[in-house]
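J.: Sequence:
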Amino acid sequence: MPLKISMWNFHSWLQKRNILHSFSICDNQAIIHGVHFAHTQSSPEPGYALLSEMPPDTAYRCMLKYGDNYIYFRDHNVFQALDELDYMLSVYRHWEQALKQLNLIHCELNALLSVSYELIPLPLAVFREGQLLASSQRFPQAIDNFCSFCQAVPLRSMCSLIPENAAEDRLPSDGSPILVNSGLHNGKHLIVGTIRLSEQPIRVMALSDGQPISIGAVHPMHALMEAIQINLLLWYKRVLPSATAYFLSFLQDAPVHGQSATVLRQLHWQSDHRYTVFWLEKRTGADSILLDKLYFSLNQHFDGVVILQYQNAVIMLCNLDLMSNCPTAHDFAALLPETRFCIGQSNISTDFDLIAQLMHQAQTTMEHARQQNTFFLSAQSIMLDYMHHALYNNTMLQSLVHPAIRRLMEQDTLQHSQLTNTLRVYLSHGGNCNAAAKSLHLHRNSLVSRLEHIRAVTNINLDDPYEQESLLLSLLIVDHTWTNVS
1 MPLKISMWNF HSWLQKRNIL HSFSICDNQA IIHGVHFAHT QSSPEPGYAL LSEMPPDTAY
61 RCMLKYGDNY IYFRDHNVFQ ALDELDYMLS VYRHWEQALK QLNLIHCELN ALLSVSYELI
121 PLPLAVFREG QLLASSQRFP QAIDNFCSFC QAVPLRSMCS LIPENAAEDR LPSDGSPILV
181 NSGLHNGKHL IVGTIRLSEQ PIRVMALSDG QPISIGAVHP MHALMEAIQI NLLLWYKRVL
241 PSATAYFLSF LQDAPVHGQS ATVLRQLHWQ SDHRYTVFWL EKRTGADSIL LDKLYFSLNQ
301 HFDGVVILQY QNAVIMLCNL DLMSNCPTAH DFAALLPETR FCIGQSNIST DFDLIAQLMH
361 QAQTTMEHAR QQNTFFLSAQ SIMLDYMHHA LYNNTMLQSL VHPAIRRLME QDTLQHSQLT
421 NTLRVYLSHG GNCNAAAKSL HLHRNSLVSR LEHIRAVTNI NLDDPYEQES LLLSLLIVDH
481 TWTNVS
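This note's numbering applies: residue 1 is where the sequence shown begins, and numbers increase by one.
None of these hints come from the bench; they were simulated from the model.
Glycine included, each C-beta is placed from N, C-alpha and C at the ideal position.
Worth double-checking, as some hints may not be accurate.
Claimed, not checked - Distance windows between CB atoms, simulated:
| hint | residue 1 | residue 2 | range |
| --- | --- | --- | --- |
| 1 | Gly34 | Arg74 | 42 to 48 Å |
| 2 | Asn434 | Ala456 | 56 to 62 Å |
| 3 | Val256 | Asn325 | 30 to 36 Å |
| 4 | Lys16 | Asp303 | 48 to 54 Å |
| 5 | Arg93 | Ser157 | 50 to 56 Å |
| 6 | His106 | Asp144 | 24 to 30 Å |
| 7 | Lys100 | Ser260 | 36 to 42 Å |
As the list claims (entries may be wrong) - Keeping only pairs whose Cα atoms sit at most 25 Å apart, straight-line, the calculated BS3-like set for lysine-lysine is:
| hint | residue 1 | residue 2 |
| --- | --- | --- |
| 8 | Lys16 | Lys188 |
| 9 | Lys65 | Lys100 |
| 10 | Lys4 | Lys100 |
| 11 | Lys4 | Lys16 |
| 12 | Lys4 | Lys65 |
Using the sequences and the hints, build the whole thing.
T.: Here you go:
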């Protein structure tokens, strides 16, 4: 992808070179491919900024214009300004080529950061799962201080430093770098962007060295991130632990067949151990730097687990036979604020081959927790919902539904009646008219009248226990929202 350059990049360059100018820039997204010299009445070519002379009676000698964005040169005439801008563009293009050439020779990640100093003269760092992956060598102390602080500060304290409406708490879904005033960096500027490899986030950051960071640094940061992504792809699969790759494959619906025994050996787990999965997300569902801290904190607090970052979630796979106790809602509440996160726990299984189902079950339970505005939810607490949903979506079972139930449902739809629910409650109470009438808030005679109407509509025998069993099973299959009233 061609390097993106905006008017802010021109301004930053001129400022760094101590070239006197004034500016009026209102658009950081306007991408410029180059500069043309033109008279003020010339029509601009799309993608090119116009450099023109200013009238003699003004304080400026020439002007660079792109849309509604302007830069005015005080001392440079139009030819000097054009030379300077062309030089800047050539530096950017040579840097872009340098990034590509370094990747062609399979360079170390640090080399990409080092060669970027001229255009991004800031402390640069790349993090994976909360750990430093690479950093620029010119600012070791700044990087060390930032890393030490982020690792030492408790998760709850970090949440207070990053309010819910902060940009770091709602990172762009496309991973684009953003410029923010960060509480993690003592309120100073921070550029942060996200690269996703196998849906795992890699954070790329540029830290302020004390001075405000220009908006113009965002575009070269974007180009650097693209080069970093290419670099990581060259070696990422080779260094990704096979256990991590194995679990991620289930989330991406691409299971790695035949590797379960290898993974069990690596983890020192047994197939018949007890397993459960926790799925943790922010209540907003947005990506956040807090998820990196959550990953780091969970690794510190729990043993006998495998922890993954995936999309906007942190997933904890627990071998309960290697843990003293199964983590509880109280354990999680002591670690992270209940107002910011929601957690779903899967059922507990003694079959490792069911781990993929447990992972998806934990995710579904977390989604229920978010909908209910609940901090922690266990799959067992909504087990009937799971069962009903599975039955309702099984086409083979749907084909076995008793025709009488279909007939009653049609009648209820056409006449806005309650025949299906009446039959459900009656059968759920074992055919006890008194109990069913009380549950339906009906007089017993009214219930008997409804049952006679049901018999007439469907021609079923409600006194036959086999018929009752078939009807009950059919009611369970057709309605996943049904809960047992007995």
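J.: So, for every hint listed, does it hold in this structure?
T.: For each hint, the structure was consulted:
Between glycine 34 and arginine 74 the CB atoms are about 23 Å apart, so this pair departs from the stated range of 42 to 48 Å. A hinted range of 56 to 62 Å for the beta carbons of asparagine 434 and alanine 456 is inconsistent with their spacing of about 23 Å. One distance hint, 30 to 36 Å for the beta-carbon pair valine 256 and asparagine 325, holds here, with the actual separation near 31 Å. Checking the proposed 48 to 54 Å range against lysine 16 and aspartate 303 shows it holds: the Cβ atoms sit about 50 Å from each other.
Distance hint check for arginine 93 and serine 157: the Cβ-Cβ separation is about 44 Å, which falls outside the suggested range of 50 to 56 Å. At about 27 Å, the beta-carbon gap between histidine 106 and aspartate 144 stays in the expected band of 24 to 30 Å. For lysine 100 and serine 260, the hinted distance range of 36 to 42 Å is satisfied, since their beta carbons lie about 40 Å from each other. Note on lysine 16 and lysine 188: the hinted pairing holds, with a Cα-Cα distance of about 20 Å set against a maximum of 25 Å.
With a CA separation close to 31 Å, the supplied pair lysine 65 and lysine 100 exceeds the 25 Å bound. Our distance criterion of 25 Å between C-alpha atoms is met by lysine 4 and lysine 100, whose separation comes to about 16 Å. With a CA separation close to 19 Å, the supplied pair lysine 4 and lysine 16 stays within the 25 Å bound. In summary, the hint linking lysine 4 to lysine 65 is supported, as the alpha carbons are separated by about 17 Å, within the 25 Å threshold.
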